[in-house]
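Protein chains in written order, with our numbering: chain U, 63 to 364; chain Y, 63 to 364.
Just so you know, not all the hints are guaranteed correct.
Computed list of lysine to aspartate or glutamate pairs in EDC-like fashion (alpha-carbon distance at most 16 Å, straight line) [unchecked claim]:
1) Y/247 / U/333
2) Y/353 / U/362
3) U/247 / Y/286
4) U/353 / Y/362
5) Y/356 / U/315
Rather than coming from a laboratory, the hints here were simulated on the basis of the structure.
For reference, the chains in residue letters:
Number of protein chains: 2
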Amino acid sequence: MGILVVGSVAIDSVETPFGRGENVLGGSATYFATSASFFTDVNLVAVVGEDFPQEHIDFLRSRNIDLTGLSRESGKTFHWKGRYGYDLNEAQTLDTQLNVFQTFRPKIPAEYANTDYLILANIDPDLQLEVLSQVKTPKVTACDTMNFWISSKPEVLKKVISSVDFLIINEGEARQLTTETNLVKAARAIQAMGAKNLIIKRGEYGVLYFSGNSIFAAPAYPLESVFDPTGAGDTFAGGFMGYLANTGNLSEEGVRQAIVYGSVMASFTVEEFSLNRLRRLDYEQIEARYKSFKRLTHFDTL
Amino acid sequence: MGILVVGSVAIDSVETPFGRGENVLGGSATYFATSASFFTDVNLVAVVGEDFPQEHIDFLRSRNIDLTGLSRESGKTFHWKGRYGYDLNEAQTLDTQLNVFQTFRPKIPAEYANTDYLILANIDPDLQLEVLSQVKTPKVTACDTMNFWISSKPEVLKKVISSVDFLIINEGEARQLTTETNLVKAARAIQAMGAKNLIIKRGEYGVLYFSGNSIFAAPAYPLESVFDPTGAGDTFAGGFMGYLANTGNLSEEGVRQAIVYGSVMASFTVEEFSLNRLRRLDYEQIEARYKSFKRLTHFDTL
Numbered sequence: 063m064g065i066l067v068v069g070s071v072a073i074d075s076v077e078t079p080f081g082r083g084e085n086v087l088g089g090s091a092t093y094f095a096t097s098a099s100f101f102t103d104v105n106l107v108a109v110v111g112e113d114f115p116q117e118h119i120d121f122l123r124s125r126n127i128d129l130t131g132l133s134r135e136s137g138k139t140f141h142w143k144g145r146y147g148y149d150l151n152e153a154q155t156l157d158t159q160l161n162v163f164q165t166f167r168p169k170i171p172a173e174y175a176n177t178d179y180l181i182l183a184n185i186d187p188d189l190q191l192e193v194l195s196q197v198k199t200p201k202v203t204a205c206d207t208m209n210f211w212i213s214s215k216p217e218v219l220k221k222v223i224s225s226v227d228f229l230i231i232n233e234g235e236a237r238q239l240t241t242e243t244n245l246v247k248a249a250r251a252i253q254a255m256g257a258k259n260l261i262i263k264r265g266e267y268g269v270l271y272f273s274g275n276s277i278f279a280a281p282a283y284p285l286e287s288v289f290d291p292t293g294a295g296d297t298f299a300g301g302f303m304g305y306l307a308n309t310g311n312l313s314e315e316g317v318r319q320a321i322v323y324g325s326v327m328a329s330f331t332v333e334e335f336s337l338n339r340l341r342r343l344d345y346e347q348i349e350a351r352y353k354s355f356k357r358l359t360h361f362d363t364l
Numbered sequence: 063m064g065i066l067v068v069g070s071v072a073i074d075s076v077e078t079p080f081g082r083g084e085n086v087l088g089g090s091a092t093y094f095a096t097s098a099s100f101f102t103d104v105n106l107v108a109v110v111g112e113d114f115p116q117e118h119i120d121f122l123r124s125r126n127i128d129l130t131g132l133s134r135e136s137g138k139t140f141h142w143k144g145r146y147g148y149d150l151n152e153a154q155t156l157d158t159q160l161n162v163f164q165t166f167r168p169k170i171p172a173e174y175a176n177t178d179y180l181i182l183a184n185i186d187p188d189l190q191l192e193v194l195s196q197v198k199t200p201k202v203t204a205c206d207t208m209n210f211w212i213s214s215k216p217e218v219l220k221k222v223i224s225s226v227d228f229l230i231i232n233e234g235e236a237r238q239l240t241t242e243t244n245l246v247k248a249a250r251a252i253q254a255m256g257a258k259n260l261i262i263k264r265g266e267y268g269v270l271y272f273s274g275n276s277i278f279a280a281p282a283y284p285l286e287s288v289f290d291p292t293g294a295g296d297t298f299a300g301g302f303m304g305y306l307a308n309t310g311n312l313s314e315e316g317v318r319q320a321i322v323y324g325s326v327m328a329s330f331t332v333e334e335f336s337l338n339r340l341r342r343l344d345y346e347q348i349e350a351r352y353k354s355f356k357r358l359t360h361f362d363t364l
């Protein structure tokens, strides 16, 4: 059945110390879907406006992403404008034009209702709950969120958190959600809210994965050139869920390996603007970097 | 032969969001030596003043640290006063009273001159060079430094860097030394200065180890309670060198395992003020946490 991804498709304008990308392809669901497409079939539910360029549609199709659920509405596509300083861990949002995304009510096409793997990208938690109710018996569900929903809809968000299998959020969001500064305490508090499994993203420092009493730490792959961190977290989540869907291995070891594949995918995305690096990526490069990741982290069996 | 440690022994007054330690035992060489003493014999070269309490001498002796090289001079002991906010990665120095440490000229006792393992804690790089010239044929040498020497004596420091086997510095210092914001580029630049092997400490995010083209990433052990990060880096280095001296295994695998033992030691130190946690630490606890470290990081062979 592959993966169902629900979230935003956007046009981004991004500035980093190393250059700029003007009106390039962006959006959380775009990164999720493209990344996951290296591992499994992907169905995308999102909305774009009349201005959305055909070349981006063609690109998503070239990745074998099913676009039955991508609706085109009158109006403009969601546009995000942001800037990164030398501290590439944090974006400064310069402008957000929600446009057609403002009234987005995801409708899951009937043929997607039996999906096994579901990713809820960062959208209104009320909509995330709606999607969850439309998908019949998913095997694995994951969701992301953002600071805006943590402050404006904490109660609904907690319902979502306790309904999915994997919550994927960043370090600052985990602290905001729990008002705990210590990250392990924050994770324990989120588990106490009902989160089954929790992945905390720490930008250039990698991720921490909490499941029961177990903790797994994966570093970010050390890179000499990070051009544009936009979409790194979404690419991570796409690779993670894509790999899980591909193997169906939900053991602790399988999940850890999926986390490493997610980290590998993110490490490619940040090497170039927008999704450009993923456009010319192949599975051999992914496998080679996965092997490097093992050399990077293992100390007991080299 | 064990390890020779040259550096500072101090009295610290430290404030963190979780409490304060007034006039407690501190100093880089103190943390180094105590940490290393869990793995090997340690000889300490440092200076204290007339006010240095006998109980601290007794503690160091209880760890089997040889104090032939610890001289007591007229005047007061080096006193450091600092504060940490909720971001425990960075200390704010409130006061530094160098006292007898100001005129410290390390003299290596004749019986230490054949030492195999030498740690040069953070002291004037001119003094580090002097010590290096007094130790005949060390098998492994390591040094630390700080921002003050990077800005005031960069050329002498570079001589030290290219003379030792392991440079151990923190992330900010690596960036300052090279004016590179990207950490991998900074590491490559430091290797180009002649550093044979480089360990970059990243506080709560762990360490990166660069050797030739190889990179090893070790996370910090995730803790629910970090009370006082003072001495974490020095404890790391002491555990690292202590383990190397204990095993004599300088292979890539041996060095990586030493890095993990260093990380394990640091994770204990930060759990309480000053060296208090190390006072009641035993080798079984160290081994247990080393095993947890493997479960924390490995994804291929659990």
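Holds or violated: are the alpha carbons of residue 353 of chain Y and residue 362 of chain U at most 16 Å from each other? The given pair, whose Cα atoms are some 10 Å apart, holds under the 16 Å limit.
Given hint residue 315 of chain U paired with residue 356 of chain Y - CA-CA distance at most 16 Å: Measuring from Cα to Cα gives roughly 13 Å; hence the hint holds.
Given hint residue 333 of chain U paired with residue 247 of chain Y - CA-CA distance at most 16 Å: Given that 16 Å is the threshold and the Cα spacing comes to 14 Å, the pair holds.
Given the hint that residue 247 of chain U pairs with residue 286 of chain Y, test it: the Cα-Cα distance must not exceed 16 Å. The hint holds at about 6 Å.
Are the Cα atoms of residue 353 of chain U and residue 362 of chain Y separated by 16 Å or less? At roughly 10 Å apart (the allowed maximum being 16 Å), residue 362 of chain Y and residue 353 of chain U satisfy the hint.
Of the numbered hints given earlier, the model fails none.
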